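These are the residues of each chain, in order.
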Amino acid sequence: MIIFPAIDIKDGKCVRLVKGDFNEITTYKNSPLIQAKVYFENSFKFIHIVDLNGALEGKPANSKIVKDIINNVNIKVQVGGGIRTIENIRSWIDAGVDKVVLGTAAVKNVGLLKTACEMFKNKIALAMDVKDGFISLSGWKNKSNISALDYVNKIKNLGVSRIIYTDINKDGTKKGPNIKDTVEISDKIKIPTVISGGIASLEDIKKIKLLNNKNIEGVIVGKSIYDGDIKIEDLAKLI
Amino acid sequence: MSVVIIDYGSGNLKSAAKAIEAAADNIKFNTKVLVTSDPKKIINSEKIVLPGQGSFRDCYLGIQNISGLEEALNEFALVKKKPIFGICVGMQLFAKVGFEKQETKGFGWIDGEVRKINNIHNKLKLPHMGWNQIDFKEDCPIFLGVESKSHMYFVHSYEFKVKKNEHIIATTNYGNPIVAAVLKENIFGTQFHPEKSQKNGLKVLENFLVWEA
Chain U
1 MIIFPAIDIK DGKCVRLVKG DFNEITTYKN SPLIQAKVYF ENSFKFIHIV DLNGALEGKP
61 ANSKIVKDII NNVNIKVQVG GGIRTIENIR SWIDAGVDKV VLGTAAVKNV GLLKTACEMF
121 KNKIALAMDV KDGFISLSGW KNKSNISALD YVNKIKNLGV SRIIYTDINK DGTKKGPNIK
181 DTVEISDKIK IPTVISGGIA SLEDIKKIKL LNNKNIEGVI VGKSIYDGDI KIEDLAKLI
Chain F
1 MSVVIIDYGS GNLKSAAKAI EAAADNIKFN TKVLVTSDPK KIINSEKIVL PGQGSFRDCY
61 LGIQNISGLE EALNEFALVK KKPIFGICVG MQLFAKVGFE KQETKGFGWI DGEVRKINNI
121 HNKLKLPHMG WNQIDFKEDC PIFLGVESKS HMYFVHSYEF KVKKNEHIIA TTNYGNPIVA
181 AVLKENIFGT QFHPEKSQKN GLKVLENFLV WEA
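Residue numbers (the working numbering), protein chains in the order written: chain U, 1 to 239; chain F, 1 to 213.
Only chain U is shown next, with the shape it has when bound in the complex (with noise of 0.2 Å):
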């Protein structure tokens, strides 16, 4: 099972939301990069970077940070925020992202999930942001009418090379994972599925490791790191 420490980027910093509310967000010291260093020291071999400008304004926007990370650092990147064109997702590529997470764009139109799972093979990861059953866009400001099980089913043949699940009222707020429903629709569409959002404890995260599901690919871990909630050093042991 993959661990992905979460790296948000707000303003060129590290971040952290309380289910995705920009006016409940807490700053940490550590820049981007030099918090990505801290991984990489600890073992960890990927990184989950949400570019929060990008989410909020619709497309890429701390580029430069993401660049120096993925040139300076021997990890995995996967980032997501505010991507909703091909050639968005194509300068992430050629910049070095491992996955690209597309959310919105992908809900929006899935013509261009499906272009871009074919364009960049095993390179689309693909965020579903869900609160109460159904799909939340745009940097979570707008909850749809879109139920994540219709969604899922009209996009599980496209060719998404991993699904990262995400429950918003669970996100930041280190309550626990909503494990059920993650596993619920992973088992459904047979793809490798991360668990988002609300993890609080090493336990929540052996519980996943636990289950032993080959849906189950990683799990994303954000907060609680930051908080001091879960030490680096112990998160490691489980990688």
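It is possible that some hints are incorrect.
[Stated by the list, open to error] The calculated lysine-lysine pairs, modelled on DSS-like cross-linking and capped at a C-alpha distance of 27 Å, are:
id	chain 1	residue 1	chain 2	residue 2
1	F	163	U	114
2	F	80	U	114
3	U	114	F	161
4	U	114	F	82
5	F	28	U	154
6	F	32	U	121
7	U	64	F	28
8	U	156	F	82
9	F	184	U	156
10	F	163	F	14
11	U	114	F	32
12	F	137	U	154
13	U	29	U	231
14	F	184	U	114
15	U	19	F	137
16	F	82	U	154
17	U	45	U	121
18	F	28	U	76
19	F	199	U	64
20	U	67	F	199
21	F	184	U	123
22	U	156	F	81
23	U	114	F	81
24	F	81	U	123
25	F	28	U	114
26	U	154	F	14
27	F	80	U	154
28	F	81	F	28
[Said to hold, decoys possible] Quick look at which bits of chain F chain U covers, simulated, 3 or more residues with Cβ under 8 Å:
id	segment
29	11 to 20
30	116 to 127
Hints are computed from structural coordinates only; laboratory data are not their basis.
Fair warning: this is a prediction, and the values are worked out from it, not measured in the lab.
Heads up, the beta-carbon is just placed ideally off N, CA and C, and yes, glycines get one too.
Place chain F on chain U using the hints.
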């Protein structure tokens, strides 16, 4: 991807075809662009673009003059429900009726009529020509990645008065709000000319290429 530009003597075909090719090239999307009026080829293509220059009436009669063309367009848009992009008068033809020169029926795909722009007692010049800012609905797949308040290039004296708000996805302001783009399921059209709207227009065409209705 195969895209047909409908050739019915309206002109503007070359620039539309070139713009589609440029958009495909820009995103490295394998696309075959064909300019034709052959109903069979139209029905079998994956996407079509319907340009339009001149009056509503002349454009509609131009289509009717080609045997089987209107039927092919109807089948493509309403039965096969494949993506179609009407540009300028090409979009206006989606209306039920147009009043340029004299009353002329249109395809009737999107409820509404094409009427002369209200020039507010000659205060506004007609045609409405040049760059103008558009406001679009953010959830529209064809405007993904287009910056809000982008400028697009317009040339027209008549406007599409769309009956249902839900079909209007972009407007511009010329004295009054004017419909700048419509969307109904697989049927999309712009009053502005994406092929003349430089980067912003190119993005709209790129999005159309990868769009699945």
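Here is what the structure says about each hint:
{"no.": "1", "hint": "F:163 to U:114", "in the structure": "violated (33 Å)"}
{"no.": "2", "hint": "F:80 to U:114", "in the structure": "holds (20 Å)"}
{"no.": "3", "hint": "U:114 to F:161", "in the structure": "violated (34 Å)"}
{"no.": "4", "hint": "U:114 to F:82", "in the structure": "holds (16 Å)"}
{"no.": "5", "hint": "F:28 to U:154", "in the structure": "holds (25 Å)"}
{"no.": "6", "hint": "F:32 to U:121", "in the structure": "holds (22 Å)"}
{"no.": "7", "hint": "U:64 to F:28", "in the structure": "holds (24 Å)"}
{"no.": "8", "hint": "U:156 to F:82", "in the structure": "holds (22 Å)"}
{"no.": "9", "hint": "F:184 to U:156", "in the structure": "holds (26 Å)"}
{"no.": "10", "hint": "F:163 to F:14", "in the structure": "violated (32 Å)"}
{"no.": "11", "hint": "U:114 to F:32", "in the structure": "holds (18 Å)"}
{"no.": "12", "hint": "F:137 to U:154", "in the structure": "holds (24 Å)"}
{"no.": "13", "hint": "U:29 to U:231", "in the structure": "holds (16 Å)"}
{"no.": "14", "hint": "F:184 to U:114", "in the structure": "holds (21 Å)"}
{"no.": "15", "hint": "U:19 to F:137", "in the structure": "holds (25 Å)"}
{"no.": "16", "hint": "F:82 to U:154", "in the structure": "holds (17 Å)"}
{"no.": "17", "hint": "U:45 to U:121", "in the structure": "holds (21 Å)"}
{"no.": "18", "hint": "F:28 to U:76", "in the structure": "holds (25 Å)"}
{"no.": "19", "hint": "F:199 to U:64", "in the structure": "holds (23 Å)"}
{"no.": "20", "hint": "U:67 to F:199", "in the structure": "holds (25 Å)"}
{"no.": "21", "hint": "F:184 to U:123", "in the structure": "violated (32 Å)"}
{"no.": "22", "hint": "U:156 to F:81", "in the structure": "holds (22 Å)"}
{"no.": "23", "hint": "U:114 to F:81", "in the structure": "holds (18 Å)"}
{"no.": "24", "hint": "F:81 to U:123", "in the structure": "violated (30 Å)"}
{"no.": "25", "hint": "F:28 to U:114", "in the structure": "holds (15 Å)"}
{"no.": "26", "hint": "U:154 to F:14", "in the structure": "violated (37 Å)"}
{"no.": "27", "hint": "F:80 to U:154", "in the structure": "holds (19 Å)"}
{"no.": "28", "hint": "F:81 to F:28", "in the structure": "holds (26 Å)"}
{"no.": "29", "hint": "11 to 20", "in the structure": "violated (count 0)"}
{"no.": "30", "hint": "116 to 127", "in the structure": "violated (count 0)"}
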